[in-house]
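Engineer: Residue strings, one per chain:
Number of protein chains: 2
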Amino acid sequence: MAEVIRITDPADPRLDDFRDLTTADRRPDRPGGKGLVIAEGVVVVRRLLASPYPVRSLLGVQRRIAELDTEVDSSVPAYVTSADVMAEVVGFHLNRGVLAVADRAQPWSLDDLTGARRLLVLEGVGDHENLGALFRNAAALGVDGVILGPGCSDPLYRRSVRVSMGHVLAVPFTTAAEWPGALEFLQSKGFQVLALTPRADAVPLNEVKATGPVAIMLGSEGPGLTDVAINAADHAVCIPMAGGVDSLNVATAGAVAVYALGTG
Amino acid sequence: MAEVIRITDPADPRLDDFRDLTTADRRPDRPGGKGLVIAEGVVVVRRLLASPYPVRSLLGVQRRIAELDTEVDSSVPAYVTSADVMAEVVGFHLNRGVLAVADRAQPWSLDDLTGARRLLVLEGVGDHENLGALFRNAAALGVDGVILGPGCSDPLYRRSVRVSMGHVLAVPFTTAAEWPGALEFLQSKGFQVLALTPRADAVPLNEVKATGPVAIMLGSEGPGLTDVAINAADHAVCIPMAGGVDSLNVATAGAVAVYALGTG
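Here the protein sequences come in this chain order: Z and H.
First residue of the first sequence: 1, per the working numbering; consecutive thereafter.
First residue of the second sequence: 1, per the working numbering; consecutive thereafter.
In case anyone wonders, no lab produced these hints; they're calculated from the structure.
Errors might be hidden in some of the hints.
[Stated by the list, open to error] Far from chain H by the CB rule (all over 10 Å, computed), these chain Z residues: (1) 52; (2) 64; (3) 85; (4) 88; (5) 239.
[Unchecked claim] Once the Cα atoms are required to be at most 20 Å apart in a straight line, the calculated DMTMM-like pairs of lysine to aspartate or glutamate come out as: (6) 209/Z with 227/Z; (7) 209/H with 207/Z; (8) 189/H with 207/H; (9) 189/Z with 69/Z; (10) 189/H with 127/H; (11) 209/Z with 207/H.
[To be verified] Okay, the calculated bits of chain Z under chain H, using three or more residues with CB under 8 Å as the criterion: (12) 98-104; (13) 224-232.
Only a predicted model underlies this, so the values are computations on that prediction, with no experimental measurement involved.
Positions of the beta carbon are idealized from the N, C-alpha and C atoms, including for glycine.
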């Protein structure tokens, strides 16, 4: 049971974690300058509570806090207030009625992910919504982890968390410190690294045999993967496309690729 | 070559088709009360010009109109103006620099689609972005047509056209007048009708044999397909999901299903 605390004053300093959320991800006072992890709505807050991220507090209207109460540890304060006070604190009207904030968890390392059967490796995926959708699809289709190469955004940014439906909080991820060194490292650990690309010489996914661990590499929607990334891969692979249509959205392409390769 | 006409006055009546675009889809003065088909940006305008929809005019800044000039029929006026005048006419700032409007084309009938190998059938897909994404995926993966069942929105709404990257203009679609009569009609024409659903008794897609024409039916993200629709289908099928993750976005699920069934 959460420690439920009623608050009526929007200036109450106990609500500072929730203040001005549109700019909260730029807070320089937080570790790494990246702000807190913010979950919006009962479904996503529930996933945050079940995640390894240490929850600091909840803020919500009575009805929403009551829905979550039994899932919240007694050391975590749950601030109950009105929808109007919430809107004044966060800086915009929030129609889901509940928020939670957490600290970032200890990050995973590349080593932590080497026991995976299926990894996604992303390069240049800067769009927060695409990143969120990629994590949602990864969770749905049984991907064991995600590696963020150069040019990727922070998947714990508020909008990514929301678009992922909170599933980004359940999928281990790490940033590749070396590029394409991280790909060579995966290969040394027995991974087949596949680069998804519309290049003419790419092998259609339905002709690819994937029996061991596989890392599927995806680039951003416009430019796609760099030559550096494609050349470091074991194979360039493609989704067969109908004439004239250039490509799928990166998150959709990722879902199709993961489905096509199966879980080995 | 388009007939290029410079306009400096935002009140010029020749720009009326472009006026107040946020409400334009509710214009009661157009056939069906559904407004015009609006394309935004060079890529989507190009797809509109290549589509069966009769283009009425273009509006853009000099540079964008010049990019499209050779693709525009001489009978179609292309109005050139400044970004500021464009913003005043359409009612918001438009950073793609060019728009085109077209009339709706003669709609397809269910009969027109019976020669297809792969159809999507949608029920209750009211979200314009999901609808746009479904058409984009349909075009990319070789779907021959889309049938809109009860509760679907207008796929030619401006936001759908944009999210589809203009591909909604290339995929034939029709509205099912009878439900589930349209499904029985497809079956009478030799289609296998598959209902995609997370139901426990659904057959995993990778176990489905799809050798003849197939219609894949998808419901909206929350409630999914109705019992009426599922019971009218030949088989209920599912995408195998990892534990605890309820479902993919409907457009992503559609892409995976179409890929999984292949093109027969």
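Engineer: Work down the list of hints and note, for each, if the structure agrees.
Structural biologist: Against the structure, the hints:
No Cβ of chain H comes within 10 Å of the Cβ of residue 52/Z; the nearest lies about 15 Å off, and the non-interface call holds. The Cβ of residue 64/Z sits about 18 Å from the closest Cβ of chain H, beyond the 10 Å cut-off, so the non-interface label holds. Distance check on residue 85/Z: its Cβ is at least 29 Å (rounded) from any Cβ of chain H, clearing the 10 Å threshold; non-interface status holds. No Cβ of chain H approaches the Cβ of residue 88/Z within 10 Å, the least distance being about 27 Å, so the stated non-interface status holds.
Residue 239/Z, annotated as away from the interface, has a beta carbon of chain H within 10 Å; the closest lies near 7 Å. With a CA separation close to 23 Å, the supplied pair residue 209/Z and residue 227/Z exceeds the 20 Å bound. Of the pairs offered as hints, the one joining residue 209/H and residue 207/Z holds, with about 18 Å between alpha carbons and a cut-off of 20 Å not exceeded. Pair hint residue 189/H plus residue 207/H does not hold up; C-alpha atoms about 24 Å apart against a cutoff of 20 Å.
Of the supplied pair hints, the one linking residue 189/Z and residue 69/Z is violated, its CA atoms being roughly 44 Å apart against a limit of 20 Å. Straight-line distance between C-alpha atoms of residue 189/H and residue 127/H comes to about 30 Å, which puts the hinted pair past the 20 Å bound. Pair hint residue 209/Z plus residue 207/H holds up; C-alpha atoms about 18 Å apart against a cutoff of 20 Å. Look at the region 98-104 of chain Z against chain H: 0 of its residues bring a Cβ nearer than 8 Å to a Cβ of that chain, fewer than three, so the hint is violated.
Only residues whose beta carbon comes within less than 8 Å of a beta carbon in chain H count, and the region 224-232 of chain Z has 0; fewer than three means the coverage is violated.
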